[in-house]
Amino acid sequence: MVINTMPRSYIQKNLRGQWSEEDLQNAVRDIIAGTGSVREISRIYKVPVRTLMRRKESGNLNKIPLGRKSCLNVEQETSLSRYIRNMASHGFALSASNIKKLAYSFAIQKNISHTFNNEKKKAGQDWFLSFMKRHPKLAVRKAQGLSTARAKGMTRQECAKYFELLGNVLRENNLLNTPQKIFNLDETGLQLNNNPGKVVTNKGAKMVNCITTAEKGETISIITCVNAEGSFLPPCCIFKGKK
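Throughout the sequence shown, residue numbering follows full-length UniProt numbering, covering 1 to 243 in sequence.
No lab work stands behind these hints, which were simulated from the structure alone.
Heads up, some of the hints might be wrong.
[Claimed, not checked] No more than 20 Å apart at the CA atoms, straight line, and that leaves these computed lysine to aspartate or glutamate pairs for EDC-like:
hint : residue 1 : residue 2
1    : LYS198    : GLU119
2    : LYS242    : GLU218
3    : LYS110    : GLU77
4    : LYS137    : GLU119
5    : LYS203    : GLU187
6    : LYS133    : GLU75
7    : LYS101    : ASP126
8    : LYS203    : GLU77
9    : LYS142    : GLU158
10   : LYS137    : GLU187
11   : LYS240    : GLU187
12   : LYS181    : GLU158
13   : LYS240    : GLU158
14   : LYS56     : GLU77
[What the hints assert, rightly or not] Pairwise CB distance ranges, derived in the manner of DEER restraints:
hint : residue 1 : residue 2 : range
15   : ASP186    : THR155    : 17 to 23 Å
16   : THR115    : PRO136    : 56 to 62 Å
17   : GLN157    : ALA228    : 24 to 30 Å
18   : THR115    : LYS198    : 21 to 27 Å
19   : GLN191    : LYS46     : 42 to 48 Å
20   : TYR162    : PRO235    : 54 to 60 Å
21   : THR115    : GLN191    : 53 to 59 Å
Where a beta carbon is used, it is the ideal one built from N, C-alpha and C, also for glycine.
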């Protein structure tokens, strides 16, 4: 059995490109001021001699980034990131696979030269991980299924109506200051399939809902009852019966 131990990120074996812009600018200024030889200054700031001489002669003190250029430019990736966050806010968060396919389709439609997988018609895992690093506002989270009906009913107006009605009921029955008398019984179902899985959404989101289809597999019903003080009855689990 062969085990692949190759790291996902390339580990650099030399100091090339590990200096900062500030190091470069200070080194060139020291050379111009004559505070030391080029090799001495190169050793102090850890900037290659050839780089120092080239920047000094050209007058360009900015550091040129190293590494492979991304298939999509900054503007295109920003647009893609905005689209992903917008879809997540409407209950249609995209999975990593969706985003890879979306990036491939975007590159094809815009006639962008790319290194994506033409056979699978999607970007690779390396591109996805790099994309997530370049856009820290995005994060991978575990989604919770949300039906279309509930998504449409979860509006500001509907929530306001609910709390107005709840307040009237509490006042009419003198329950405002008696939390031990206020019980809530609810039923929920645990589906054995139709799991949305992990999706990409806004970083820091507390709850991530993903609208699912109406198709259901076997479901286990769970009934719980708790009052406003925190006291609760043991949950009741209802399994599928046998004929």
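Outcome of the hint check:
For the hint linking LYS198 to GLU119, the alpha-carbon distance of about 24 Å lies beyond 20 Å, and the restraint is violated. Only pairs whose Cα atoms come within 20 Å are accepted, and LYS242 paired with GLU218 is accepted, the gap being roughly 13 Å. With a C-alpha separation of about 13 Å, the suggested pairing of LYS110 with GLU77 holds against the 20 Å cut-off. Between LYS137 and GLU119 the CA atoms are separated by roughly 30 Å; this puts the pair beyond 20 Å, and the hint is violated.
A hinted pair counts as satisfied when its Cα atoms are at most 20 Å apart, and LYS203 with GLU187 does not qualify at roughly 31 Å. For the given pair, LYS133 sits about 16 Å from GLU75 by alpha-carbon distance, which is consistent with the 20 Å threshold. Between LYS101 and ASP126 the CA atoms are separated by roughly 14 Å; this keeps the pair inside 20 Å, and the hint holds. Only pairs whose Cα atoms come within 20 Å are accepted, and LYS203 paired with GLU77 is accepted, the gap being roughly 17 Å.
Restraint check for LYS142 and GLU158: not satisfied, since their Cα atoms lie roughly 27 Å apart, outside the 20 Å limit. A threshold of 20 Å between alpha carbons decides the hint, and for LYS137 with GLU187 the separation of about 35 Å lies outside it, so the pair is violated. Taking the CA atoms of LYS240 and GLU187, the gap is near 15 Å; set against the 20 Å cutoff, the hint holds. With a CA separation close to 26 Å, the supplied pair LYS181 and GLU158 exceeds the 20 Å bound.
For a cut-off of 20 Å, the pair hint linking LYS240 to GLU158 is broken: about 34 Å separates their Cα positions. At roughly 34 Å between alpha-carbon atoms, LYS56 and GLU77 are farther apart than 20 Å, so this suggested pair is violated. Between ASP186 and THR155 the Cβ separation comes to about 21 Å, which falls inside the hinted range of 17 to 23 Å. A beta carbon spacing of about 24 Å between THR115 and PRO136 contradicts the range 56 to 62 Å that was offered as a hint.
Here the CB-CB span from GLN157 to ALA228 is close to 25 Å, well matched to the stated 24 to 30 Å. As the Cβ distance of THR115 to LYS198 is approximately 25 Å, the hint placing it in 21 to 27 Å holds. Checked against the given bound of 42 to 48 Å, the beta carbons of GLN191 and LYS46, roughly 57 Å apart, lie outside it. In this structure the hint that TYR162 and PRO235 lie 54 to 60 Å apart at CB is violated, the actual value being about 25 Å.
Taken as a hint, the range 53 to 59 Å is violated for the pair THR115 and GLN191, whose Cβ atoms sit roughly 39 Å apart.
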